[in-house]
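Here is how the chains run, residue by residue.
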Amino acid sequence: MSSFLLFALLGLGGGAVIALLAVGVVGEYKASGVVNFAQGAIAMFCAYCFTELRSTGELVLPVVILPHRVPLARHGLDTAPAVVVTIVYGALFGVVVYVGIFRWLRRAPALAKVVASIGLMLTVQALAVIHFGTAARPSARVLPTDTVTVFGATVGRDRLVLAGIAVVAAVVLAAFYRFTRFGIVTRAVAQNERAAALLGWWPVRSEMATWAIASALAALAGLLAAPLTSLTPSTLTLAIVPALAAVLVADLSSFTIAAAAGLLIGIGQSLCVKAATTWSWFPQRGMAEVLPFAVIAVVMLVRGDRLPTRGETNEGRMPRAPLGRRPFLPLAVFVPVAVAFTVATSAGWRAAVIQSVITACVLLSLVVLTGLVGQVSLAQAAFAGLGGFLLAKLLGAAGVPFPVGLLFAGLVTVPLGLLVGVPALRIRGINLAIITLGAGVAIDAFVFRNEQISGGLAGVSVPSPTLFGVDVGISGSHAGDYPRVVFGLVAIATFTVLAVLAVNLRRSATGAHCLAVRTNERAASAIGINVAATKLLAFGLSAFIAGSAGGLIGYQQGRLSPESFSIFVSLMLLSIAYIGGIATVPGVIFAGFALAPGGLVYTAMERWFHLGEYQPIVAGVGVIASAILNPDGVTAALNKSRAGGRRKAGATIETVPTTNAPVLAAGRA
Amino acid sequence: MSALLDVRGLRVAFGGVVAVDDVSFQVDEGTLVGFIGPNGAGKTTCIEALTGYVPHATGRVVFDDHDLGGLAPHRRARLGLVRTFQSVELFDDLTVRDNLRAAANRRTWWQSLGDLVAPRWHDDESAIDDALELLGLTDVADALPAELPQGQRKLAGVARALTCRPRLLLLDEPAAGLDTVESVELGERLRAVVDRGVSVLLVDHDMGLVLGICDRVIVLDFGRVIAQGAPEEIRSNADVIAAYLGDDVAAAAPGGAS
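Each protein sequence line maps, in turn, to chains G and B. Residue 372 in our numbering sits at position 373 of the first sequence, and the numbers go up by one each step. Counting the second sequence from 1 gives a position; our numbering is that position plus 41.
Please keep in mind that the hints were generated in silico from the structure rather than gathered at the bench. Among these hints, one or two may not hold up.
Said to hold, decoys possible - Interface residues of chain B toward chain G, partial, derived using beta-carbon atoms under 10 Å:
{"id": "1", "residue": "R49"}
{"id": "2", "residue": "R52"}
{"id": "3", "residue": "T149"}
{"id": "4", "residue": "R161"}
Just so we're clear, the structure is a prediction, and the values are computed from it rather than from any experiment. Every residue, glycine too, gets a C-beta built ideally from N, C-alpha and C.
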């Protein structure tokens, strides 16, 4: 039994990191109503900065193109000054992030807040990849490495110190917010900014201070925790998932509960590792990642309401979903152009077009779910992955025609979509984004990293698609014949069919019901719309589209590996769809061609300027800017500038007097 | 003959605060019933409870011989018990006409799947045109809600509720924000609605409107029914006057306890 105790104590280290991140997220949410998905990424970046300070004495700034290394000393700094510099650096990071981004999103809808913080997460992570590389690196130790014995278990003192720091931070912050004038002002500002301003409080100051403290805590967590595991751009970044679970346990409000929950989740994750080595029936992989998701799911289901309660108003406006007078016109223009391009171009460009079209296929799954029904999902890559892997596993050897294969890949994904959709019946907005993020991570860890499903490092091979016995796969009989035109046509045909489904949905009565649910669930149910069924329909359809697209990815790659469907792919998909215009088909066509990694513009940038590595930064910064400046997306903005005349028509309608209709006679007739 | 809506012992408590306490009343087929009371009397909470938005409400509500206990809001709406909202709540992405069409069309999930392949609207366009005309919205049918003045948005909310084919309309302060002329006109339109066989429960502060057009009036104060009857009886009822004028006697009146 004492070895379980040992693992529980070891878990305090990870738990402390989770707790420190969670405490920061709670503070940021209290101050400005934003759940910061980038908290882990900030910790990660600061941890890298700390190791750079220790080894070279240079401070690495989160910028590209501009000079980003500032020498503070001629050789590596000592631990104490490096810690101080890193914490100050973290605090400034928080201030910049708040002033530059979240200050502007106070009254934005949940979707805008979520995509902005995801954009920040992607940006920071991409900066880390560019500046520090992806190889794991050892990190300088800060805490003492000697051991102590607790109840017979010998454990590194650093774990205990870390846990202690997390507890102290939470208690001090809680006391600070409850008892000091600063805390009271911050709470007042968060509840009613205008009233607080009328009393002479400058809201920006208290919010800025909160973001500084929260980010400084993230920096502290990063530099203390990095030595416990090896430092990569994604490990600490993904610590946000268990941290968000802790934040939800704390109901987004209690520092101390968040810290306690964070520590417990860390201990739980460590015990999962121990259990896997002790009991053969215990899943060998993924349980540590499933645990936070389970916590999130339970908390949400206990707390959620079926319908928003009275007074819970929808803040802000969702991206427009215009239908247009000729809803199929964009497709009618797109298809011939894409076909011509596929036929006429050389191999490299054709591969880019195929990649663009396939990405647009996956993005269509966001149009029906997030665009039309307003349900934020960060699990789309998981849906696509499930479709792809199940196609490879179950129909791999069968040699079925590709439409059957893709239909199969879509249909087998529907149950997962419905399952992820069930929590959406009771929860909405940012909380839904959190639970789908947790689900995406859990599916990635538990299903895709399961070697029996994904074939381990080698991946699983997907046989070439056929149609009427003819091979329509991406690679031909000889090596130079790649990618083949016919596969490009397969991709375009698949996109067209899926896009017609999405457009049909938008222009049907069901589509009107979807938009009604998106705008106002209470009012939708008041006119007899079954809100739950509408959401589940959207989740099911979205999973179908993503699963089919995943099958197409399988055909495209020939060999599938989990990396194609990681949680970061989901984040990327949501971001680029949002930039293009998440509620329309032209929006995702734009996103597929102009923004997708490996897409047409990406390829051009890489070929001509060698700038492909900046794609994640373009996507990250782009989605932040979109959330603040242009939530309708690029394509809608282009349309608006064309449709000046139609606006005027609206203006004349406004001047029609309200009381001129001969109603009563007609009414009594 | 049983009443269209029969409410017995309706009670809603939020924590320790009793918002609606032992409320009983009936609405007969084809009548226009006023539902009035000072601010905070529990009128909107009553509507929320009757239409299923307050799951923990207790008491017995029978509508058109259906016991509504535990039914979800959309099911009650489909039975013909349709409400409007104080704060309008139109669907901003849809034109006024499409707001009505969304209400006129019902979808089962297999019909929705059919929509993906062959989108259909099972409209009774004439019913929609009728509702638009009845509320004087024909000329603005293709405008987006944001392009309309507040008064017309309110009317659009009523029109949308009408296209749900209600047996009983629960209107939550449709006249708030209207000027006197508009308010009088709204009253005449509501009478026209009732004349077509739709019963109406009208919540409003505008005493002139309510006492002017209603067949019967129910008065709520501190969550309790303090009077009900014909408008002329209500006009002279001592409890009602006390409740509205804030007479000290009001504290001792029935329902003053909570």
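Here is how each hint holds up against the structure:
1. R49: violated (24 Å)
2. R52: violated (17 Å)
3. T149: holds (8 Å)
4. R161: holds (7 Å)
Violated hints for the displayed structure, listed by number in ascending order: 1, 2.
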